[in-house]
Amino acid sequence: QQPVQSPQAVILREGEDAVINCSSSKALYSVHWYRQKHGEAPVFLMILLKGGEQKGHDKISASFNEKKQQSSLYLTASQLSYSGTYFCGTEAPGSARQLTFGSGTQLTVLP
Amino acid sequence: GAGVSQTPSNKVTEKGKYVELRCDPISGHTALYWYRQSLGQGPEFLIYFQGTGAADDSGLPNDRFFAVRPEGSVSTLKIQRTERGDSAVYLCASSLGGLAHEQFFGPGTRLTVL
Chain A
1435 QQPVQSPQAV ILREGEDAVI NCSSSKALYS VHWYRQKHGE APVFLMILLK
1485 GGEQKGHDKI SASFNEKKQQ SSLYLTASQL SYSGTYFCGT EAPGSARQLT
1535 FGSGTQLTVL P
Chain B
15 GAGVSQTPSN KVTEKGKYVE LRCDPISGHT ALYWYRQSLG QGPEFLIYFQ
65 GTGAADDSGL PNDRFFAVRP EGSVSTLKIQ RTERGDSAVY LCASSLGGLA
115 HEQFFGPGTR LTVL
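So the protein sequences, as listed, match chains A and B. In short: position in the first sequence from 1, add 1434, done, that's my numbering. In short: position in the second sequence from 1, add 14, done, that's my numbering.
By construction, these hints were calculated from the structure, which means they are not laboratory data. Even for Gly, the Cβ is constructed at its ideal location relative to N, Cα and C. Take every hint as true, because none was put in to throw you off.
Taking beta-carbon pairs under 10 Å as the criterion, some of the chain A residues facing chain B (in silico):
hint, residue
1, Pro1437
2, Tyr1468
3, Glu1474
4, Ala1475
5, Ile1481
6, Phe1521
7, Leu1533
8, Gln1540
Which bits of chain B does chain A cover? Going by a derived footprint, with three or more residues having C-beta under 8 Å, they are:
hint, region
9, 51 to 62
10, 116 to 123
Please model the complete structure; the sequences and the hints are all you need to start from.
Structure follows, in structure tokens:
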């Protein structure tokens, strides 16, 4: 079953913060976050494993609440280059490594 | 190093024709995945190879779709008797295999069935 992402779209000014949520109805082993720009391949951002860990990369960080089967992606002081569609991909135990992706959150950063 | 490559980048075909889409994974990556992405949607899993064998083909929509990876490297996705509903971007990804390894995506093949 496909994870649910919210919001579907968000528009920011450069320097503002944003949070993107990903929620699953199934138990998860890991959550993967990708960013995709129009006409390009999805680009890997980070993986979070069960255990409630948090990770960060530059001004983008994420958390994973295993009990709630939810992950959130935090974009701090957004830059124009952050614009794109963000997808979470979930990996369930016994899923043979396939990712089930949400329908995406379209992020637009304006100058 | 070279990333995942896919050919052709665009393929236009007529309904009922046969098409082959090729994927060259990152060297040394034992796991290879095919996904399909429709406009405004996330990638949808089709099939996963570990080495030469298809470890999971549960995402293939029907028996018109078939994929091979005979030498554990390059993979070909084959679609018989194409239908207009097959139009989408077909993405290939590779990884080191195992759980929780990042998947590197190729640029995709945009398939249009007229």
